[in-house]
Amino acid sequence: MISQYIDIFYMTAAGLFIFGLKYLNHPETARKGNLLSMGAMLMAIIVTLLHHEVVSFGMVFVGLVVGAGAGLFWARVVKMTDMPQMVAVFNGFGGLASVLVGLSEIARLTPNFDHFTTIVLVLTLLIGGVTFSGSMIAFAKLQGLMGGSPILLPARHVVNAGLGVLVVVLGAALVASPGAWIFHVIITFIALALGVLLTIPIGGADMPVVISLLNSYSGLAVAMTGLVLSTPVLVTVGSLVGAAGLILTKIMCDGMNRSLVNVLFGGFGQESTGPAVPPEPMAEGEGPNVFTVDQAVEAMKNAKSVIVVPGYGLAAAQAQHAVREMADLLQKRGTDVKYAIHPVAGRMPGHMNVLLAEANVPYPQLFDMDDINDDFASTDVTIVIGANDVVNPGAKTNPQSPIYGMPVLNVEDSKQVLVLKRSMNPGFAGIDNELFLMENCAMVFGDAKATVNGFVQGLSSN
Amino acid sequence: MEPIYWTGLYVFLLACFVGFDTISKVPPILHTPLMSAANAISGVTILGAIIAGGRAGYTLATVLGFFAVVFATINVVGGYAVTDRMLQMFKKE
Chain A
1 MISQYIDIFY MTAAGLFIFG LKYLNHPETA RKGNLLSMGA MLMAIIVTLL HHEVVSFGMV
61 FVGLVVGAGA GLFWARVVKM TDMPQMVAVF NGFGGLASVL VGLSEIARLT PNFDHFTTIV
121 LVLTLLIGGV TFSGSMIAFA KLQGLMGGSP ILLPARHVVN AGLGVLVVVL GAALVASPGA
181 WIFHVIITFI ALALGVLLTI PIGGADMPVV ISLLNSYSGL AVAMTGLVLS TPVLVTVGSL
241 VGAAGLILTK IMCDGMNRSL VNVLFGGFGQ ESTGPAVPPE PMAEGEGPNV FTVDQAVEAM
301 KNAKSVIVVP GYGLAAAQAQ HAVREMADLL QKRGTDVKYA IHPVAGRMPG HMNVLLAEAN
361 VPYPQLFDMD DINDDFASTD VTIVIGANDV VNPGAKTNPQ SPIYGMPVLN VEDSKQVLVL
421 KRSMNPGFAG IDNELFLMEN CAMVFGDAKA TVNGFVQGLS SN
Chain B
463 MEPIYWTGLY VFLLACFVGF DTISKVPPIL HTPLMSAANA ISGVTILGAI IAGGRAGYTL
523 ATVLGFFAVV FATINVVGGY AVTDRMLQMF KKE
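So the sequence lines, in the order shown, correspond to chains A and B. Counting from 1, one number per residue, gives the positions in the first sequence under this note's numbering. Counting from 463, one number per residue, gives the positions in the second sequence under this note's numbering.
Simulated crosslink set (DMTMM-like; lysine to aspartate or glutamate; CA at most 25 Å straight-line):
1. K487(B) - D375(A)
2. K487(B) - D371(A)
3. K304(A) - E555(B)
4. K415(A) - D375(A)
5. K553(B) - D371(A)
FYI, nobody ran anything at the bench for these hints, they're computed from the structure.
My request is simple: use the sequences and hints to build the entire structure.
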């Protein structure tokens with residue numbers, strides 16, 4: 001009897017999902033939003049179990065228990081630095097689930113499909129398959145199981161386009177003869193191959209864009225599954241997630257001043273993996289200013305305001321806790337401390353904020369680029385840790401620079417800039433940074449964590 | 463259930479607008495939890511998976527449905543749990 005009213009519950013769940021996402025617009029309410037969304041999901045799952053077509057519970061319960069156990073385990077043990085991989089895996093599994101539901105419908109109903117269902121089924125298999133295999137490749141690259149450099153196969157655009165055309169042809173054949181289930185299977189395999197082929201040419205540094213885009217695809221796959229099953233809640237939620245992924249994709253592309261086409265097909269985004277080289281000796285007066293740890297501490301002690309600019313290098317060196325300690329000591333001295341976060345700091349949208357929050361940095365101290373960029377001019381000391389291209393003034397002033405036009409943090413406006421760096425090596429884009437040679441900038445060479453620990457000692461010893 | 467055809471596509475279109483509007487108000491500081499929350503929600507395929515896996519008998523369709531339940535549940539439970547873990551860390555003081 002509940003089956004008749006199932007749509008009322010599904011509709012309520014869809015509404016609660018939207019509210020849940022709405023509450024994510026502030027750290028204060030975000031947790032409540034997630035719990036709300038969780039409750040809605042639980043409700044939807046329970047009413048589905050009461051659906052009249054669900055009669056054999058054994059396998060379903062085993063599936064739920066196994067899935068919940070594995071999900072909870074991974075969610076608990078994952079390190080915050082590894083969050084992008086985790087999201088990629090979960091995302092991929094969502095895509096795979098859509099594919100499996102689609103294949104299950106095919107196994108059950110062939111050949112009784114109308115044209116509409118045939119087309120949305122093909123789209124489910126295609127998008128879900130690309131999401132799954134693409135996410136697995138993204139995972140392998142982020143986890144270091146696969147090299148981060150782009151893998152550029154010869155004639156890859158031709159191959160991909162050929163596979164795309166093949167999917168359209170097979171789809172058309174299915175519309176003509178809905179009983180040919182083997183075509184569905186072939187489409188699934190083509191989709192899996194496409195996911196791999198489309199992701200391997202994308203460099204490790206561009207993975208944040210790919211993760212966002214795959215997130216969007218997984219939403220679309222769900223929406224298509226909803227059309228196959230005639231379940232509006234899936235269509236609603238799938239579209240929401242699809243839209244979310246697209247927005248984040250655009251933000252990441254804008255943050256790098258690259259078009260999505262360029263990221264996906266350009267074959268860029270190679271990460272520099274070269275060994276750290278000690279700074280080359282330069283002629284007197286030509287090289288950058290170099291500060292010892294003590295000199296840097298002296299500059300900080302005299303500062304009224306400090307802005308920390310963290311890059312992924314900070315997280316890679318596991319220096320976030322040391323940075324928080326340093327900030328605490330500065331605040332005890334009455335110094336104002338803020339963090340300036342560039343949109344592409346970290347390995348996925350917003351990643352750096354999570355890494356700092358994990359180190360107990362209070363979120364009111366975290367500022368987006370647009371909110372803080374005007375504050376540098378009135379700041380005494382800016383400390384750049386593990387960031388390079390996002391603080392390169394060349395992006396504003398040098399039209400010859402490959403990153404010209406990319407939005408950057410105006411660190412050079414502050415009275416003193418301290419750059420913590422292993423060496424004078426340029427960043428992954430291999431671009432010289434004129435900031436390092438500016439008069440108000442000083443380099444502090446060494447491992448980020450060791451250097452910051454040095455700052456902590458210096459500041460606590462007065 | 464009745465096929466939803468065009469109505470389904472209208473829902474798709476309108477929900478996209480709601481999605482764009484809702485998501486664009488989320489500040490960058492919360493973009494990682496947003497992504498993982500959206501990811502968890504997209505595991506809603508689990509509803510289709512339960513129906514596919516819960517039908518009578520051990521046919522190819524229900525076996526595929528079972529695996530769909532496993533993967534969708536990992537997506538849902540893992541996604542929500544890790545989002546909650548992250549959101550707990552955001553503190554004011």
